[in-house]
Amino acid sequence: MVNAINTKNLNVYYRDQQAIHNISLDFLKNKVTALIGPSGCGKSTFLRCLNRMNDVIDICRVEGNISLNGIDIYSKEIEVEYLREKIGMIFQKPNPFPKSIYDNVAYGPRIHGFTDKKEEMDLIVETSLKKAGLFEEVKDRLEDMGTSLSGGQQQRLCIARAIAIKPEVILMDEPCSALDPIATSIIEELITDLKKSYTIIIVTHSMQQAARVSDKTAFFHLGNLIEEGDTSKIFTKPDHQKTNDYITGRFG
Amino acid sequence: MTNLAKRKKAELRFRFYGIFSVFLSLLFVAILIFNICLSGIGGFYKTIFLTSIHFDQKLLNLEDNASEEQIRNASFSKLIKNNFDETFKDYSKDEIKQIKKLFYRKIDIELKNFLISNPEFLNKTTKVELTASTHIDQIHKGNFDRSVQEKHRKVNNFQLEIYDKFVEDQKVKKVWNSTYFTSGDSRDPESAGVAGSVMGSVFTILICFLLSFPIAIFASIYLQEFAKTGKITDLIEININNLAAVPSIIFGLLGLGILLNFFGLPRSTALVGGIVLSFMTLPTIIVACRSSLRAVPPSIREAALALGATKNQVVFHHVLPLAMPGTLTGAIIGLARAIGETAPLLMIGMVAFIMDIPSNPLEPAVGMPAQIYLWSESSERGFIEKTSSAIILLLIFLIVVNFVSVYFRKKYEKKW
Numbered sequence: 000m001v002n003a004i005n006t007k008n009l010n011v012y013y014r015d016q017q018a019i020h021n022i023s024l025d026f027l028k029n030k031v032t033a034l035i036g037p038s039g040c041g042k043s044t045f046l047r048c049l050n051r052m053n054d055v056i057d058i059c060r061v062e063g064n065i066s067l068n069g070i071d072i073y074s075k076e077i078e079v080e081y082l083r084e085k086i087g088m089i090f091q092k093p094n095p096f097p098k099s100i101y102d103n104v105a106y107g108p109r110i111h112g113f114t115d116k117k118e119e120m121d122l123i124v125e126t127s128l129k130k131a132g133l134f135e136e137v138k139d140r141l142e143d144m145g146t147s148l149s150g151g152q153q154q155r156l157c158i159a160r161a162i163a164i165k166p167e168v169i170l171m172d173e174p175c176s177a178l179d180p181i182a183t184s185i186i187e188e189l190i191t192d193l194k195k196s197y198t199i200i201i202v203t204h205s206m207q208q209a210a211r212v213s214d215k216t217a218f219f220h221l222g223n224l225i226e227e228g229d230t231s232k233i234f235t236k237p238d239h240q241k242t243n244d245y246i247t248g249r250f251g
Numbered sequence: 000m001t002n003l004a005k006r007k008k009a010e011l012r013f014r015f016y017g018i019f020s021v022f023l024s025l026l027f028v029a030i031l032i033f034n035i036c037l038s039g040i041g042g043f044y045k046t047i048f049l050t051s052i053h054f055d056q057k058l059l060n061l062e063d064n065a066s067e068e069q070i071r072n073a074s075f076s077k078l079i080k081n082n083f084d085e086t087f088k089d090y091s092k093d094e095i096k097q098i099k100k101l102f103y104r105k106i107d108i109e110l111k112n113f114l115i116s117n118p119e120f121l122n123k124t125t126k127v128e129l130t131a132s133t134h135i136d137q138i139h140k141g142n143f144d145r146s147v148q149e150k151h152r153k154v155n156n157f158q159l160e161i162y163d164k165f166v167e168d169q170k171v172k173k174v175w176n177s178t179y180f181t182s183g184d185s186r187d188p189e190s191a192g193v194a195g196s197v198m199g200s201v202f203t204i205l206i207c208f209l210l211s212f213p214i215a216i217f218a219s220i221y222l223q224e225f226a227k228t229g230k231i232t233d234l235i236e237i238n239i240n241n242l243a244a245v246p247s248i249i250f251g252l253l254g255l256g257i258l259l260n261f262f263g264l265p266r267s268t269a270l271v272g273g274i275v276l277s278f279m280t281l282p283t284i285i286v287a288c289r290s291s292l293r294a295v296p297p298s299i300r301e302a303a304l305a306l307g308a309t310k311n312q313v314v315f316h317h318v319l320p321l322a323m324p325g326t327l328t329g330a331i332i333g334l335a336r337a338i339g340e341t342a343p344l345l346m347i348g349m350v351a352f353i354m355d356i357p358s359n360p361l362e363p364a365v366g367m368p369a370q371i372y373l374w375s376e377s378s379e380r381g382f383i384e385k386t387s388s389a390i391i392l393l394l395i396f397l398i399v400v401n402f403v404s405v406y407f408r409k410k411y412e413k414k415w
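Chains as they are written, first to last, in numbering that gives the first Met the number 0: chain A, 0 to 251; chain B, 0 to 415.
If you are wondering where the hints come from, they were derived from the structure by calculation, not from laboratory data. It is possible that some hints are incorrect.
[What the hints assert, rightly or not] Below, in silico cross-link-like pairs of lysine-lysine (DSS-like), each with a Cα-Cα straight-line distance of 27 Å or less:
1. A:K85 - B:K310
2. B:K310 - A:K98
3. B:K310 - A:K92
[What the hints assert, rightly or not] Covered by chain B, according to a simulated footprint, are these stretches of chain A (three or more residues, beta-carbon under 8 Å):
4. 62–70
5. 84–92
6. 105–111
7. 203–217
All figures in this text were calculated on a predicted structure; none of them were measured in a lab. Even glycine gets a Cβ: it sits at the ideal position worked out from N, Cα and C.
Sequences and hints are given; from them, build the entire structure.
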């Protein structure tokens, strides 16, 4: 088993407030890891450290070590744009650009200069949409606005947009929290499909979702990593009392 | 229950206040527009006399098939004298002199222009439309009270008699005043036009837009997207807001002190006017642009950043296009204000009697508001009408600009 991402002694502060306490956590390649925990436990903050999205927040300070395939992502040699090309992200609320479906998917490949040729770009768009399971629904209206799709379709469009730049890792920050159960189940199936080619780290509030889609689960509480391990183990025989309380719904 | 009745009553009362206020403000606008139209529409027309003129070759000292150049150099005074003497041979010399005063004093130019465009009438007799003097023009449009004592009038009884006779003979007509739209300013109301001031305004606004729009956009983008939030940014923001509230004449003083006296830019030009007005519109556009940038949802920025876009790409590919409608609206509101601005232009000499129509921003010019101000100061009745007509044009200009802004906003607005 190969690790895609390793984090070691990670501490994150918002001004003086410490949001993440000394977390060391490794993510296996081509597996789905779920981060669960009550609101405000730091799982989103942790996730956003992995592709350095916290850089934009002035008051946020990150200490510790995160490496992608053994290379420190906070080192000077790594450009943040290159890092984000390797680590894609899906957000809580579907956020397609107010452009056509085609342009939404083609935007990433275009700025990274994947190709100048129209046919090659068409192919990238088509395969990305196919991988995201959206192509059949939108193939006749690629010029329609991405924002005109339904919520679930928008989220799959965002997934297509993320995989169009061929990342190694996809971060998902509660990708289904704004979707209805049917759209959610489609996305969950998609996640299971995608893990063949990508390492997926998913933050979720739904324990059932974590149980359904993930191979590994990590439980966060108040900025601390309480427990991590195989999903089956966490949900059946957790080592910690807190984990047990959370998954049985006693708090959180 | 009584409480509810009371609340409903209060709501009804409030509605009434609202409707009343809306009605009142609309009424003011209606009165203003009605009033201006009433006194200004006339300015778009002029009174002419249909006069039979014989273009005698000998009196003009011209050969057959005379060139345009030769006609231009010919003297028409003999021809005019001869024609008047012929037409009014029943009147004394002194009376003919008074009849001549019914006409615009530069009819020789009108005859010359007529012959240049219709050279076939040389040595022939034809009816020519000759502009009436401004006093007759005002009488014909009914802006003149005949019961005023003769010594208080510009037109004496004899002249009125002749005018009435012309009317009876159907020689007097009201025609579209095209000179008003094609000529520059003049001392005579008969030939004064708005073309010069319209061009002056166009150049000024163009310079103003070209300077203020890009500067404002870059300043806003930097302040909103790149600058770290802190005391300095706050201070800059406060000062920009203050700048938007500075009385416009101060900007004129700034232009006078810095642009004219220090940098030595040419006085009274659209270039300087445009720069001064851009000082004034800058804060308006910056405020509008920043608030539009702020209104772009952060999720769009995050989406682009997460795809590996640089900050620059995020701004120019996603944020700015979404902020454009709001920015354009702000810019056009700022420009509309600048179009109607007179005070700062007074300080830099853009209020002067300038006859030539400016052909570039480096030539002396006046803007439309300054032209309106200049004409309104004139004592001649004809200019009062011209003033109102120019105001109508300015209002039309502003309405068009507002429609353009609405059009652009609708066009670039993205539906979510």
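Hint by hint, here is what the structure shows:
no. : hint           : verdict
1   : A:K85 - B:K310 : holds (18 Å)
2   : B:K310 - A:K98 : holds (19 Å)
3   : B:K310 - A:K92 : holds (21 Å)
4   : 62–70          : violated (count 0)
5   : 84–92          : holds (count 5)
6   : 105–111        : holds (count 4)
7   : 203–217        : violated (count 0)
In summary, the numbered hints that this structure violates are 4, 7.
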